[in-house]
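As they're listed, the protein sequences go chains A and B.
Take 1 as the starting number for the first sequence in our numbering and just add one per residue.
Take 1001 as the starting number for the second sequence in our numbering and just add one per residue.
Think of the hints as simulated: they come from the structure by calculation, not from any bench.
Honestly, I wouldn't trust all of these hints.
Chain B is faced by these chain A residues, among others (derived, beta-carbon under 10 Å) [stated by the list, open to error]:
#1 Gly3
#2 Gln6
#3 Arg15
#4 Tyr35
#5 Gln37
#6 Gly40
#7 Gln41
#8 Gln44
#9 Glu48
#10 Arg55
#11 Phe105
#12 Gln107
#13 Arg110
Estimated spans, in silico, between C-beta atoms of each pair [said to hold, decoys possible]:
#14 Ile1018/B / Lys13/A: 41 to 47 Å
#15 Ser79/A / Arg1061/B: 42 to 48 Å
#16 Pro1009/B / Glu82/A: 22 to 28 Å
#17 Thr80/A / Arg1061/B: 42 to 48 Å
#18 Asp1059/B / Arg73/A: 28 to 34 Å
#19 Glu95/A / Asp1059/B: 19 to 25 Å
#20 Thr53/A / Ile1018/B: 43 to 49 Å
Glycine included, every Cβ here is placed at the ideal spot set by N, Cα and C.
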Amino acid sequence: KAGVTQTPRYLIKTRGQQVTLSCSPISGHRSVSWYQQTPGQGLQFLFEYFSETQRNKGNFPGRFSGRQFSNSRSEMNVSTLELGDSALYLCASSEVPGIGTEAFFGQGTRLTVV
Amino acid sequence: DQQVKQNSPSLSVQEGRISILNCDYTNSMFDYFLWYKKYPAEGPTFLISISSIKDKNEDGRFTVFLNKSAKHLSLHIVPSQPGDSAVYFCAALSQGGSEKLVFGKGTKLTVNP
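Please model the entire structure based on the sequences and the hints provided.
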């Protein structure tokens, strides 16, 4: 069974630009969560989608948004990029929401904003 | 406000000795706790968990202890191996609440041969 796939793996963007990151969950998993990892803040929850609906949202500005498609693939978008958005963005999938033991993480997308 | 705190950013131990990683939480609604391990350039992988109805859970070399009154949990690795060198994240969730995982900032464990 293929794991969680995140694309691209690395990305360099300029301040003010926007970016879209993609996450393909494990086959059969309908829940996808996104996290931002920075050295100073650790792993911070961005949002969670289940069956194309956003179930939970973390404390991030409206520049961060996401969506989930009918095939459970998810995208997150960051508009008007700031230097502080440089981070590793991780996606995790699970069969159903909220069961931490069954959440599998992808390798992440390393975003650098210059 | 950091609801899950890992106050030691790093820990170094000798191979064969015990590694103890600590985690404190502030939200009394948390009732399920997990530890994840993360190697560089990889996503976190689940290691071990504990429900609030237990005070100990053991899986091979890994044991997690939960002290609800102190809102404290710890991960013990015995014996430590060089391959255990990684960043360890403590996470918590409220199964009856928002059900989202709240992570600590992580502790980098280095096991020296």
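Now the hints, each set against the structure:
Checking glycine 3/A against chain B: minimum C-beta separation of about 9 Å stays under 10 Å; hint holds. Taking 10 Å as the C-beta cut-off, the interface hint given for glutamine 6/A holds, the closest approach to chain B being about 8 Å. Interface hint status for arginine 15/A: violated, as the beta-carbon distance to the closest one in chain B is roughly 26 Å, over 10 Å. At a threshold of 10 Å, the smallest CB-CB gap from tyrosine 35/A to chain B is about 7 Å, leaving the interface hint in force.
The interface hint given for glutamine 37/A is met, as the beta carbon of that residue sits about 9 Å from the closest beta carbon of chain B, less than 10 Å. Interface hint at glycine 40/A: satisfied, since its Cβ lies 8 Å from the closest Cβ of chain B, which is below the 10 Å cut-off. The beta carbon of glutamine 41/A is positioned within 10 Å of a beta carbon in chain B (closest approach about 7 Å), and the interface hint is therefore held. Among the interface hints, the one on glutamine 44/A holds; its C-beta lies about 7 Å from the nearest C-beta in chain B, closer than the 10 Å criterion.
Against a cut-off of 10 Å between C-beta atoms, the interface hint on glutamate 48/A holds, since the closest Cβ of chain B lies about 6 Å away. Hint on arginine 55/A holds. Least Cβ distance to chain B is approximately 8 Å, under the 10 Å limit. For phenylalanine 105/A, the interface hint holds, the least distance from its beta-carbon to any beta-carbon of chain B being 3 Å, beneath 10 Å. For glutamine 107/A, the shortest C-beta to C-beta distance to chain B is roughly 5 Å, which falls under 10 Å, so the interface hint holds.
With 10 Å as the threshold, the beta carbon of arginine 110/A comes within range of chain B, its nearest partner Cβ sitting at about 9 Å, so the hint holds. As the Cβ distance of isoleucine 1018/B to lysine 13/A is approximately 44 Å, the hint placing it in 41 to 47 Å holds. Distance hint check: the CB atoms of serine 79/A and arginine 1061/B are about 45 Å apart, consistent with the given range 42 to 48 Å. Judged by the Cβ atoms, the range 22 to 28 Å given for proline 1009/B and glutamate 82/A holds: they are separated by roughly 25 Å.
A beta carbon spacing of about 47 Å between threonine 80/A and arginine 1061/B agrees with the range 42 to 48 Å that was offered as a hint. Take aspartate 1059/B and arginine 73/A: their Cβ atoms lie about 32 Å apart, and the range 28 to 34 Å holds. Remark: the range hint 19 to 25 Å for glutamate 95/A to aspartate 1059/B is upheld by a beta-carbon distance near 21 Å. A C-beta distance of roughly 45 Å is found between threonine 53/A and isoleucine 1018/B, which places it inside the suggested range of 43 to 49 Å.
Taken one by one, the earlier hints fail for this structure only at number 3.
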